[in-house]
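> Next come the chains, spelled out residue by residue.
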Amino acid sequence: MSHLRTELRQRAEEIVALYPTRRSAMLPLLHLAQEQDGYLTDEAMAEVAELTGTTPAEVRGTASFYDMFHLEPVGRYVVGVCTNIACLLRGGEELLEHASAVLGCAVGGTSDDGLFTLEETECLADCNIAPVVQVNHRYVRTTTPEAFDGLIEDLRAGRLDHDVPPHGTLIRVRRSGGLRADASEIATERASAREARAKREQ
Amino acid sequence: MAYLDSPQIVSSRKEYADSFTLARYLATGGYEGLKKALSMFPEQVAAEVDAASLLGRGGAGFPAGRKWSMLRKSAVSYLVVNGDESEPATFKDHYLVERDPHQLVEGVIIAAYALQVNRAFIFLRGEFALGLERLTQAVNDAYEHGALGRKIFGSDFSLDIVVHPGAGAYICGEETGLIEALEGKRGFPRIKPPFFPAVTGLYGEPTVVNNVETMSNLPWIVLNGGAAFAALGAGRSTGTRLFALAGRVNNPGVYEIEMVKNTFRDIIYDPALGGGIIGDKAVKAIIPGGVSAPWFGPDQLDLPLGQDEVAAAGSMLGSGSIVVLDEDSCVVRATWRITKFFSRESCGQCTPCREGSGWLERMLYRLEHGGGRIEDLDLLLDVSDNIAPGLTWPPQQTTICVLGPSIPSSIHSAISMFRDDFVAHVDHGSCPHG
Ligand SMILES: Cc1cc2nc3c(=O)[nH]c(=O)nc-3n(C[C@H](O)[C@H](O)[C@H](O)COP(=O)(O)O)c2cc1C
Ligand code: SF4
Ligand code: FES
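Residue numbers (the numbering used here), protein chains in the order written: chain B, 1 to 202; chain L, 1001 to 1434.
Please keep in mind that the hints were generated in silico from the structure rather than gathered at the bench. It is possible that part of the hints are untrue.
Examples of chain L residues lying across from chain B (beta carbon under 8 Å, computed) [to be verified]:
no., residue
1, Leu-1182
2, Lys-1185
3, Val-1323
4, Arg-1337
Positions of the beta carbon are idealized from the N, C-alpha and C atoms, including for glycine.
Required output: the full structure, derived from the provided sequences and hints.
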C-alpha cells in the first residue's frame, strides 16, 4: 500500500521520469510528501526512499539539510518573519517579537491551537517591502504590527484560503506532460547537427 | 542626476499587470529572439553573446560567452540555470521569475540552442512559491506554443526544460552545491579542481551553469545583436543591470539602469530611483554586491556602478544588491546579523567556515547584547584572519567554496570604518541604541 494518496503517487512517478537518475527527484518528492502530510512522516520518507532508490536514512539525512522540510508536525500556517539585513534596518526584529507575542509561542514554536508555527527566516528576496513576512511561502506583504494582527485574523477566519494553501502545498500548477526530447528520440537529429557543424568548421 | 535613457532590456514589461502570461509576452515581442536564433547557426548565436560581452549576473561576473566557448569544443550535456537567489538583500531574480518567466524560458532555449544541449534544468529557490507556479505555467505554455519539446518552431532542435524546486539552503546557490542538490543530495559544494561544472558537472558530465538574469538578457541580445548590447555601459561592464536597492532609502526596489553611467549617489538619491534616505538622514555605509562584499563609506558615493570600478575600490558589484545604512543604523547589530546568517548557512564541511562563523557570531552577539570586551575587537579580526588569511580582497581561499572567506568582509569593514562604535558598545556594556 502506498502511503502517498493515488493522485500524489502518480505525480511522484511523473516527476521521477523527468530526471536521468531517480535520486534527482528527491527534493520535489519531499515537497510532495509534505503537501500530503504537512510535514515529513516516517511512512512518507520510506516511500520517497523507494521511489528514489535510496534508503530511509539517506532520505532523512538529505531532508534534514534543508530548512523547508519539517521532520516534526507544524501548524497549518508556517509564518516566517525575515530579520536579515534589509529587514533588520526596517524593523524585522521588532515584528518578529510582536508575532511571537500575538501567536503566544516562541520562535520555532507552534501556537496552542496548533494553527501557527513561527519561524525567523533568512532573506526572502523581497527586501523592497521590508520587513518581509511569508505564510507557507506566500508573500503576504505585511510590514507593520497592526497589519500583522489583521493577517492573523484573516487566516483564522479562512479569508486567505485561496492565496495561502495549507502548509506543504508548494506548487499548485502541475507540469503538463513528461519529457518530449529524450535522448533516444533525438539521436539522429543530434548526430546530423554535429556532422553539419563539423563540416562548417572545416 | 541619474542617467535613465538606456533601454529596459530585462524589465521592459514592468508596466503590465499580466506581464507573466504568454499572451502578453507574445504581444510584446516574445519568442521573436528565439525564432531569429533558430534561423542562425548555433555558433553564430554564441558569437553574438560573446560580442555582447555579457558578464554573468550571479555574483562572480564571468563573461557568459567565454564560459560557453570553453565548452563548445567538447559536447555539453546539460544547461543548469541558477535561480536560487538567497544572497541577503538580493531580489532581482525573484522579480524576473515572477514578472517575466517567459523571458527567462526564452533565454534558456536560446542558450541551449547555442550550446546544442537538449536538457535544461532551472533550479528555483523553494521559497518562491508564486515564482515556481508562474515558471511552471510558462514552461507548460511554451511546450504548447511549440517553443519547447520536439522540433522547436519546426526546426531540427529539441529541448526539454525541467523546473526544479530548491528547499531552503543558501549554499545551493553555489554552483556545485546546486548540482549536488539537483542530484538529490545535501547541497555540499564540491572541491574544484576536479569538480568544475564545465568538466565534471551534473551526473559527472560537462555542464554550463548560468544565472537567471544572465539568461533573461539573451532574447534582447539575439534580436538586437551583441554589438548593440556592448555599446551600452563602458569597459568590461556592458549592457544594463538590475540593481536591488534596499535598506534606509525612501524607494527600495529593483531598478534596471545602464552599467557604469550611474553612481551609488544616483541610484540612492535620484527621485526616479531610491529617492534619498528616509527622514533625510546621512548615509553611514553602503553594502554593495551582497553581504559577502566589503562595505563603502559615504566617500564612495560618486563611484560608478561598474564591475571593474567597484572592484578597483576594494569591493564588488556581486549580486547587484545595494544596502544603505543611515547615520542611526547600528553597525554592530548589522555585522552580527550578517555573521549569524553565515553561521546558520555554513554547510559545515570546512573547519574554518563552520567553527569560525559560530565563534564570530557569538562574539558579535555579546558586543551587541551584553558582555562584550575590548579584546574582542582584535579577536574578531584574528579569527577572521584564520578564515581568510591577510584579510585581502578578494579573499584568500582556505575552504571548499567562497562562503567561508566571505564571512570576514563585513566584520573587517565595520571594525575598520567604525571602531568607535564598537568601543562604545564595550563601554556601555551593550548596544547604546538599546
Ligand atoms: C555561497 C555562494 C552563493 C551563491 N549564490 C548564487 C545564487 O543565489 N545565484 C546565482 O546565480 N549565483 C550564485 N552564486 C554564484 C554561482 O556559483 C555561479 O557562479 C553562478 O551561478 C554562475 O552564473 P553566471 O555566470 O551567469 O553569473 C553563489 C556563489 C557562492 C559561493
Ligand atoms: S566554505 Fe563553508 S559553506 Fe563552503 S563548503 Fe566550506 S563549510 Fe561549506
Ligand atoms: S533581508 Fe529580509 S527579505 Fe531580504
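> Are there hints from earlier that the structure breaks, and if so, what are their numbers?
none
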